[in-house]
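J.: Use these hints to put chains B, C and D with the ligands onto chain A, whose structure you have.
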Amino acid sequence: MDERPITINSFEQFLTEGKLMATKCRHCGALWCPPRPVCNKCSSSEMEWQEMSGKGKLATFTIIGVGTALMLEAGYNRENPYCAGIVELEEGPKISAQILGVDTSNPENINIGIPLQKDFVQRGTFSFSSGLKKVPKVYLAFRTVEQK
Amino acid sequence: MDERPITINSFEQFLTEGKLMATKCRHCGALWCPPRPVCNKCSSSEMEWQEMSGKGKLATFTIIGVGTALMLEAGYNRENPYCAGIVELEEGPKISAQILGVDTSNPENINIGIPLQKDFVQRGTFSFSSGLKKVPKVYLAFRTVEQK
Amino acid sequence: MPYQEKRKLGRGVAMVGAGMSKFGVRNGLSNRELFVEAFEDMKASVDKGIDTKDIEALWVGNCGTEIWESQLVVAVLCAQWIGMTGKPATKVEAACASGSAAVRQGIMGIASGMYDVVLAGGVEKMTTLPTNDTTTALASGTDISYEASGGFTFPGLYAAMANAYMNEYGTKIEDFRKVGIKNHDNGALNPNAHFSASITDIMGKQIAKCKERGQSVPNWADELEFLDDPVFNPVIAWPMRLYDCSPVTDGAACVLLVAEEIAKDFTDNPIYIIGSGQACDEALHGRDTLISVPAAKIAAQQAYEMAGVGPQDVKMAEVHDCFTVAEVMAVADLGFFRPGEEAARAAGEGKTARDGIKPINTSGGLKSKGHPVGASGAAQLVEIFRQMRGEAGGRQVPNRDIDLALTHNVGAHGTTAVVQIYERR
Amino acid sequence: MPYQEKRKLGRGVAMVGAGMSKFGVRNGLSNRELFVEAFEDMKASVDKGIDTKDIEALWVGNCGTEIWESQLVVAVLCAQWIGMTGKPATKVEAACASGSAAVRQGIMGIASGMYDVVLAGGVEKMTTLPTNDTTTALASGTDISYEASGGFTFPGLYAAMANAYMNEYGTKIEDFRKVGIKNHDNGALNPNAHFSASITDIMGKQIAKCKERGQSVPNWADELEFLDDPVFNPVIAWPMRLYDCSPVTDGAACVLLVAEEIAKDFTDNPIYIIGSGQACDEALHGRDTLISVPAAKIAAQQAYEMAGVGPQDVKMAEVHDCFTVAEVMAVADLGFFRPGEEAARAAGEGKTARDGIKPINTSGGLKSKGHPVGASGAAQLVEIFRQMRGEAGGRQVPNRDIDLALTHNVGAHGTTAVVQIYERR
Ligand SMILES: [Zn+2]
Ligand SMILES: [Zn+2]
Chain A
3 MDERPITINS FEQFLTEGKL MATKCRHCGA LWCPPRPVCN KCSSSEMEWQ
53 EMSGKGKLAT FTIIGVGTAL MLEAGYNREN PYCAGIVELE EGPKISAQIL
103 GVDTSNPENI NIGIPLQKDF VQRGTFSFSS GLKKVPKVYL AFRTVEQK
Chain B
3 MDERPITINS FEQFLTEGKL MATKCRHCGA LWCPPRPVCN KCSSSEMEWQ
53 EMSGKGKLAT FTIIGVGTAL MLEAGYNREN PYCAGIVELE EGPKISAQIL
103 GVDTSNPENI NIGIPLQKDF VQRGTFSFSS GLKKVPKVYL AFRTVEQK
Chain C
23 MPYQEKRKLG RGVAMVGAGM SKFGVRNGLS NRELFVEAFE DMKASVDKGI
73 DTKDIEALWV GNCGTEIWES QLVVAVLCAQ WIGMTGKPAT KVEAACASGS
123 AAVRQGIMGI ASGMYDVVLA GGVEKMTTLP TNDTTTALAS GTDISYEASG
173 GFTFPGLYAA MANAYMNEYG TKIEDFRKVG IKNHDNGALN PNAHFSASIT
223 DIMGKQIAKC KERGQSVPNW ADELEFLDDP VFNPVIAWPM RLYDCSPVTD
273 GAACVLLVAE EIAKDFTDNP IYIIGSGQAC DEALHGRDTL ISVPAAKIAA
323 QQAYEMAGVG PQDVKMAEVH DCFTVAEVMA VADLGFFRPG EEAARAAGEG
373 KTARDGIKPI NTSGGLKSKG HPVGASGAAQ LVEIFRQMRG EAGGRQVPNR
423 DIDLALTHNV GAHGTTAVVQ IYERR
Chain D
23 MPYQEKRKLG RGVAMVGAGM SKFGVRNGLS NRELFVEAFE DMKASVDKGI
73 DTKDIEALWV GNCGTEIWES QLVVAVLCAQ WIGMTGKPAT KVEAACASGS
123 AAVRQGIMGI ASGMYDVVLA GGVEKMTTLP TNDTTTALAS GTDISYEASG
173 GFTFPGLYAA MANAYMNEYG TKIEDFRKVG IKNHDNGALN PNAHFSASIT
223 DIMGKQIAKC KERGQSVPNW ADELEFLDDP VFNPVIAWPM RLYDCSPVTD
273 GAACVLLVAE EIAKDFTDNP IYIIGSGQAC DEALHGRDTL ISVPAAKIAA
323 QQAYEMAGVG PQDVKMAEVH DCFTVAEVMA VADLGFFRPG EEAARAAGEG
373 KTARDGIKPI NTSGGLKSKG HPVGASGAAQ LVEIFRQMRG EAGGRQVPNR
423 DIDLALTHNV GAHGTTAVVQ IYERR
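Protein chains in written order, with my numbering: chain A, 3 to 150; chain B, 3 to 150; chain C, 23 to 447; chain D, 23 to 447.
So here's chain A without its partners, still in its complex pose (with noise of 0.2 angstroms):
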């Protein structure tokens, strides 16, 4: 069990790492992701880090041409749209995200129910203590996946 401080660094670490993290109560049990330090349900702090498998489905979405400031840096315009969308994780919890894979260009055709797994993308780099050295900055994605 990994003992990194519940903070949403130690999140975005676990990000660099190729892990979505989750937090859970010990005391009912609750999951949370993206993680908190206090249990929503029940008051308690007494949390611990879980790792998610990064299986999910969209729960919703929508195409975006006027995007933020850091999807513009990274080429996104209105010729150019991106998708992000809310992903609920089959543990059940429902997390924000950019979306992979789907045609943007046609959003009619992108369907809410349809699976889809995590993925990272790296955007620009940060430290996670200052004083630290600047690392690659790991966005959580989630990418379509082939359906059987």
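No lab work stands behind these hints, which were simulated from the structure alone. It cannot be assumed that every hint is accurate.
Claimed, not checked - With a straight-line cut-off of 30 angstroms between C-alpha atoms, the simulated BS3-like cross-links for lysine-lysine are:
id : chain 1 : residue 1 : chain 2 : residue 2
1  : B       : 135       : C       : 231
2  : D       : 75        : D       : 286
3  : D       : 75        : C       : 30
4  : D       : 286       : D       : 30
5  : B       : 43        : C       : 286
6  : C       : 44        : C       : 231
7  : C       : 65        : B       : 43
8  : D       : 286       : A       : 26
9  : D       : 286       : A       : 139
10 : D       : 75        : A       : 136
11 : B       : 59        : D       : 44
12 : C       : 44        : B       : 136
13 : D       : 65        : A       : 43
14 : C       : 286       : D       : 30
15 : D       : 227       : D       : 44
16 : A       : 59        : C       : 194
17 : A       : 135       : A       : 21
18 : A       : 43        : A       : 59
19 : A       : 135       : D       : 231
20 : D       : 337       : D       : 75
21 : C       : 286       : C       : 337
22 : D       : 70        : D       : 337
23 : C       : 380       : C       : 194
24 : C       : 30        : B       : 136
25 : C       : 286       : C       : 227
26 : B       : 139       : C       : 44
27 : C       : 233       : C       : 30
28 : C       : 30        : D       : 44
29 : D       : 44        : A       : 43
30 : B       : 43        : C       : 44
31 : D       : 233       : A       : 135
32 : C       : 194       : C       : 44
33 : C       : 233       : B       : 135
34 : D       : 30        : C       : 30
35 : A       : 43        : D       : 75
36 : B       : 26        : C       : 70
37 : D       : 65        : D       : 75
38 : B       : 26        : C       : 65
39 : D       : 75        : A       : 26
T.: Showing chains B, C and D with the ligands alone in chain A's frame:
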């Protein structure tokens, strides 16, 4: 009498024309410099522009080595500090401005009460209204005058 | 929950004045100057007059002067500029619900016994930044670590809700667009609105522009066809297009609140605030539903309970239509219409028109009146004040005594909601 | 002024819990995470326990997450993170007085009858930016159009007041420096302080560093000689040097407020809030005086009147020493000492030491405990709570029953002030 709207924008526009303007309450006669649209003495919003002579004296000051972004861009730093002061105008109101002509390396020799005269400093550009072309931005300053 | 029974005010609160600046792109005016404009308009609305020196405290709702003007302490600057130096002046931020949250602080200030006469309002200067920076500024209303990081913009989150709504209920994008058409029809009658223009007016202007430029003149059959034209109504965040979104607006609004027992000193026709609720919520992904705003339901329930009334008693309402889908969710969350087809079609069927069974956003709403984010909630009260007193001019709700009304103000994408209820006696 | 007679609460308010995060440079922690730390500390302080679900509303004082984290809605994020989703969560901004302004909203929330149990506090994450950007961020607390435009930084404005003070009264810079020495002595005993170190401790560390680096070892006769050394204590804004300024700090603090009649459900030893005042003021150049903070005088008068006590009744106080000169002005504005030499020398003469006649800033003050701007006001209440209950450990005021205490929190350079008075019965 100038009919420009009583705004900070108009005040800045006057500065580019070399004028230090106050607003005068038509109801109670109170003078406001820097200008404001509502009289804080009598609550009237009947105000008119009135030009100040630009003569005054130093009410207090400081010498700043760690300056605002604007002053850093202008070349000021710990080795080349600047003087910011509050000037009491001969018409009564007090106003904040950079103080020129003082020896910033010997603050002990700068005396509260010394006579000052308005001056202007040009830094960067701005436009008075979106769509209008950019003009040099002029900041109010005061300069020491030779004491007879 | 033994400590959550009581939601009654120790003292009644009345609104005796209300005013707003012209909403729009207000070049050359800063936050405090916009607030002065609203304040002067408010003063003129107090039937028996108000001396500024009698106002004891000020709360100003505001989202982001820090971002748009690099300026903190906006409440203090507003206080200085309207002549309230020496009095307490506090900024209140609850994203796009900041304006109503400020009003709520004013209500508590009076109900607590600490003050008798207070001013509460909101202000936002938004047009200082280019579009891209404004998008990023508004995205700071989401959870930047957990929502914006995935690429979600603020319109994007509402678009995701719209998409989920249509997927769940099988409603059409046209249903949302009819909300916009209705609100522009109302805004055309509001001289303070950002767009004092109906969609038909806007179509006319676009045709004139095409003629002027010698371009081919579009031949739209009706408003819906115009709104379906990707050139004139481009996608912002699919399925939402430009005219599904409220504009980026500069503006201010404020109301004068006094203790119930002195209300008649200011006017013979005060409006009493009899219910007030507020709630916060999780990021969108953290909620059980994506097709409703749970915080608004909680806030509404609190307000209804405090007021002792229900949705059926409300004669008109100003609701938070930052995006067209938001009004569709609002009229269901407030209990006016059933979620799904009934709520989605209320605008198209005329039920929420000025002469409908439940007039919604007679001011033009955020969509047409404009959405200076920190001011919008306060501006809702301005419309309520005028409609309840029969002073709404050309957009006055016809043939109805508006003795009970409601405002519904949402912060960000539903992470806050404030609902308040007003009575004329 | 017929409507300004009453400043009495409709209902008594008690503080039954108080907590703070460790103050300092808190790498890797965001605002909401710092707030969780303060919240857990607060929970542990409630003698008979508190169930988070029983807390009805939250107010969070904060200056600039918008600037430091590009994040609005900090109050909502704090609510989510401590488990208060569904409750009203509102950010309150009054510059560096945001923390106490938030507490005031909580007081009104209870006194109004709307709530029985509320949480109020403050949080600031400041160490995300380099020094130059932090200077500019803090300058946004001034009037950017009319003060910062002339080159004034935030320390610069206090330096100008210090200069005017010395010019008026003939006092010396050493008088100010002794305030810093006293507050560091107190902070050395506070494990949550940013600098848990006296000036003597800091001198020792500097000497050790010089030895380590093989540099010549300074030979200061005493603390004043160290503070006069331009290498180790450089000028920030003349006449103020580094150790005249409070540090840039990350931190959070909060208090649990309840209606007086239920206070004993939470503890047998509640602290009652019996006076509260707040006022705003003009930019520095717009005031009649440059050597006092008029808003603090107004706020103090309101608080004293509401509490029915005077300066002589106050057994200890936490005052706003963002800069050493600020404490000198504060002890005069509050009526503890006469303005001029008496106020300036109070620290040097031991009058404001822990065992002096009027202990001031036993926590270490903003100077040594640290100054996370939006949290500082709330952290003052944490110290008051502990001292009044005899729980301040090594820094407990000796041999005195602290049954009446005061907090004094200034926003920006005196454009806001909040003064509050506390009683143990
Ligand atoms: Zn749990
Ligand atoms: Zn006047």
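J.: Compare the structure with each hint and give your call.
T.: Each hint tested on the structure:
no.	hint	verdict
1	135/B / 231/C	holds, 24 angstroms
2	75/D / 286/D	holds, 19 angstroms
3	75/D / 30/C	holds, 20 angstroms
4	286/D / 30/D	holds, 22 angstroms
5	43/B / 286/C	holds, 27 angstroms
6	44/C / 231/C	holds, 25 angstroms
7	65/C / 43/B	holds, 17 angstroms
8	286/D / 26/A	violated, 35 angstroms
9	286/D / 139/A	violated, 51 angstroms
10	75/D / 136/A	violated, 41 angstroms
11	59/B / 44/D	violated, 46 angstroms
12	44/C / 136/B	holds, 26 angstroms
13	65/D / 43/A	holds, 17 angstroms
14	286/C / 30/D	holds, 22 angstroms
15	227/D / 44/D	holds, 21 angstroms
16	59/A / 194/C	holds, 23 angstroms
17	135/A / 21/A	holds, 21 angstroms
18	43/A / 59/A	holds, 24 angstroms
19	135/A / 231/D	holds, 24 angstroms
20	337/D / 75/D	violated, 36 angstroms
21	286/C / 337/C	holds, 24 angstroms
22	70/D / 337/D	holds, 27 angstroms
23	380/C / 194/C	holds, 22 angstroms
24	30/C / 136/B	violated, 56 angstroms
25	286/C / 227/C	violated, 47 angstroms
26	139/B / 44/C	holds, 28 angstroms
27	233/C / 30/C	violated, 60 angstroms
28	30/C / 44/D	violated, 38 angstroms
29	44/D / 43/A	holds, 27 angstroms
30	43/B / 44/C	holds, 27 angstroms
31	233/D / 135/A	holds, 28 angstroms
32	194/C / 44/C	violated, 34 angstroms
33	233/C / 135/B	holds, 28 angstroms
34	30/D / 30/C	holds, 19 angstroms
35	43/A / 75/D	holds, 10 angstroms
36	26/B / 70/C	holds, 28 angstroms
37	65/D / 75/D	holds, 12 angstroms
38	26/B / 65/C	holds, 21 angstroms
39	75/D / 26/A	holds, 20 angstroms
Taken one by one, the earlier hints fail for this structure at numbers 8, 9, 10, 11, 20, 24, 25, 27, 28, 32, listed in ascending order.
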